[in-house]
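Residue numbers (the working numbering), protein chains in the order written: chain A, 1 to 136; chain B, 1 to 136; chain C, 1 to 136; chain D, 1 to 136.
Check before you lean on any hint, since a few could be wrong.
Partial list, derived from the structure: chain A residues whose beta carbon lies under 7 Å from chain D [claimed, not checked]:
{"no.": "1", "residue": "31"}
{"no.": "2", "residue": "39"}
{"no.": "3", "residue": "57"}
{"no.": "4", "residue": "61"}
{"no.": "5", "residue": "63"}
To be clear, the hints were calculated from the coordinates, so they are not data collected in a lab. For every residue, glycine included, the Cβ atom is placed at its ideal position computed from N, Cα and C.
There are 4 protein chains.
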Amino acid sequence: MTFRQTRIVEFQHCDAAGIVFYPRYFEMISSVIERFFSDALGQGFAMLLERGLAIPMAHIEADFHAPSRLEDRLDFALDITRIGTSSTDFRIACTGPAPRFTATGTLVHVDLKNGRSAPWPDALRAGLAQHLSEPA
Amino acid sequence: MTFRQTRIVEFQHCDAAGIVFYPRYFEMISSVIERFFSDALGQGFAMLLERGLAIPMAHIEADFHAPSRLEDRLDFALDITRIGTSSTDFRIACTGPAPRFTATGTLVHVDLKNGRSAPWPDALRAGLAQHLSEPA
Amino acid sequence: MTFRQTRIVEFQHCDAAGIVFYPRYFEMISSVIERFFSDALGQGFAMLLERGLAIPMAHIEADFHAPSRLEDRLDFALDITRIGTSSTDFRIACTGPAPRFTATGTLVHVDLKNGRSAPWPDALRAGLAQHLSEPA
Amino acid sequence: MTFRQTRIVEFQHCDAAGIVFYPRYFEMISSVIERFFSDALGQGFAMLLERGLAIPMAHIEADFHAPSRLEDRLDFALDITRIGTSSTDFRIACTGPAPRFTATGTLVHVDLKNGRSAPWPDALRAGLAQHLSEPA
Numbered sequence: 001m002t003f004r005q006t007r008i009v010e011f012q013h014c015d016a017a018g019i020v021f022y023p024r025y026f027e028m029i030s031s032v033i034e035r036f037f038s039d040a041l042g043q044g045f046a047m048l049l050e051r052g053l054a055i056p057m058a059h060i061e062a063d064f065h066a067p068s069r070l071e072d073r074l075d076f077a078l079d080i081t082r083i084g085t086s087s088t089d090f091r092i093a094c095t096g097p098a099p100r101f102t103a104t105g106t107l108v109h110v111d112l113k114n115g116r117s118a119p120w121p122d123a124l125r126a127g128l129a130q131h132l133s134e135p136a
Numbered sequence: 001m002t003f004r005q006t007r008i009v010e011f012q013h014c015d016a017a018g019i020v021f022y023p024r025y026f027e028m029i030s031s032v033i034e035r036f037f038s039d040a041l042g043q044g045f046a047m048l049l050e051r052g053l054a055i056p057m058a059h060i061e062a063d064f065h066a067p068s069r070l071e072d073r074l075d076f077a078l079d080i081t082r083i084g085t086s087s088t089d090f091r092i093a094c095t096g097p098a099p100r101f102t103a104t105g106t107l108v109h110v111d112l113k114n115g116r117s118a119p120w121p122d123a124l125r126a127g128l129a130q131h132l133s134e135p136a
Numbered sequence: 001m002t003f004r005q006t007r008i009v010e011f012q013h014c015d016a017a018g019i020v021f022y023p024r025y026f027e028m029i030s031s032v033i034e035r036f037f038s039d040a041l042g043q044g045f046a047m048l049l050e051r052g053l054a055i056p057m058a059h060i061e062a063d064f065h066a067p068s069r070l071e072d073r074l075d076f077a078l079d080i081t082r083i084g085t086s087s088t089d090f091r092i093a094c095t096g097p098a099p100r101f102t103a104t105g106t107l108v109h110v111d112l113k114n115g116r117s118a119p120w121p122d123a124l125r126a127g128l129a130q131h132l133s134e135p136a
Numbered sequence: 001m002t003f004r005q006t007r008i009v010e011f012q013h014c015d016a017a018g019i020v021f022y023p024r025y026f027e028m029i030s031s032v033i034e035r036f037f038s039d040a041l042g043q044g045f046a047m048l049l050e051r052g053l054a055i056p057m058a059h060i061e062a063d064f065h066a067p068s069r070l071e072d073r074l075d076f077a078l079d080i081t082r083i084g085t086s087s088t089d090f091r092i093a094c095t096g097p098a099p100r101f102t103a104t105g106t107l108v109h110v111d112l113k114n115g116r117s118a119p120w121p122d123a124l125r126a127g128l129a130q131h132l133s134e135p136a
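Hey, can you work out the whole structure from these sequences and the hints?
If you want it as structure tokens, here you go:
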């Protein structure tokens, strides 16, 4: 089951060339992932932080296909592509409606008390599994 | 008629003290104003830029009443408090639901060809007038 | 004694109109204030946070005089204009070399344990006093 | 010849977990690349934009090795790892002094008039060649 979100390109996302500044795409990716954990899996990052847990990015890569401009409507489609003991891989395709960028990455479930990876709790693992799709 | 928007506090808005970093409030203010011109007045900033027009901020000030935290739901209420020949004053109250910050500012309608202020076109003036309220 | 810093305008600061997006000026203001406490007063915000202290912004206002563009060299001049029991007022003038913006604001020394203002320690008060100038 | 830059972690870079928010690393990467073209190659992005040219990111990937915190001093080492007809690959290692992240990516020289890639001019190609190193 793909998780979907929409964002409108605003002044804060654009650069001097009049197009979306690519670090803002990573802010959007973070925003989509935060909504995924909060709205789809029911375990927001604030709740996790209170328990001394976090889900930082260990690796991310992106291919930028075409520029986005002010007021463009961007659709994000998030799929889980692998679930490990304490990490997970995802893929996000951003379209507008033509492809704008594709990103893949690895998130790790970390116990902030010792800074080490921690196995996914059952509830989160089950939630991730519901969004597992085949790698593209 | 007050224009209303909601934003959720995300990782991108917070700082090392765990609360919203105040420059991110100004990004949110810009976002709310962009949606106001686009969604309420029907004249988005992208459309204006194509015509060689922009509405930059000439003055802004804000009082920060209480900190906001990750995943807080922030409600923004925008009112127009003055309409001049080529500028307008606004007030934005942000609550969560207790007051978080109040901002007031002056926007100027500028012709980018010469960098000078330009009188509001009738359509924009009429739209602003519909959101005019008494100064608090 | 005025505290001075220089920043170069980069892609991350500009918007779709090709000029500095004003919320980025507030990021620069925060950056200059952080360097002031760290480099001029010898008490950086990281050190303060470790002691459970922070110096959040209570009020800020800015007048934007002229736009800044990519690769502009911006000079910031910070003066302290008032020192209260647990707060201080400052003024920052940004020039490039013509005036770009002027900001004034109030910082409050806060004890994070109870969220209340706390009197300036003697060392910080003495440091602020060395940068006290007459209000413009 | 490796191009080197230093950045101090500030409030604007940190997130609610008290560590650098990874999209800010991409802002830092952009900043380092801008300084590389401006200071090392003598052809800043503002100058290029005036000629209707830009050097957008086509692909980027990063591995995050360890978190960075407020006031950390981060050293960036940029090497060119491939020079194509109209693109180039780079590698940036960020240390503090232990490894924080490593990024690799592909920049493309684009003619903004038609949005297509354009061969590197001789001066830029020669400048890139001076910073060419073996892939790690």
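Going through the hints against the structure:
1. This hint is violated: residue 31/A has a C-beta 10 Å from the nearest C-beta of chain D, more than the 7 Å allowed.
2. The beta carbon of residue 39/A comes no nearer than 18 Å to any beta carbon in chain D, farther than 7 Å, and the hint placing it at the interface is violated.
3. With a cut of 7 Å, the hint placing residue 57/A at the interface with chain D holds, because the nearest CB-to-CB distance is about 5 Å.
4. Restraint check, residue 61/A versus chain D: the minimum CB separation of about 3 Å is within 7 Å; hint holds.
5. Against a cut-off of 7 Å between C-beta atoms, the interface hint on residue 63/A holds, since the closest Cβ of chain D lies about 5 Å away.
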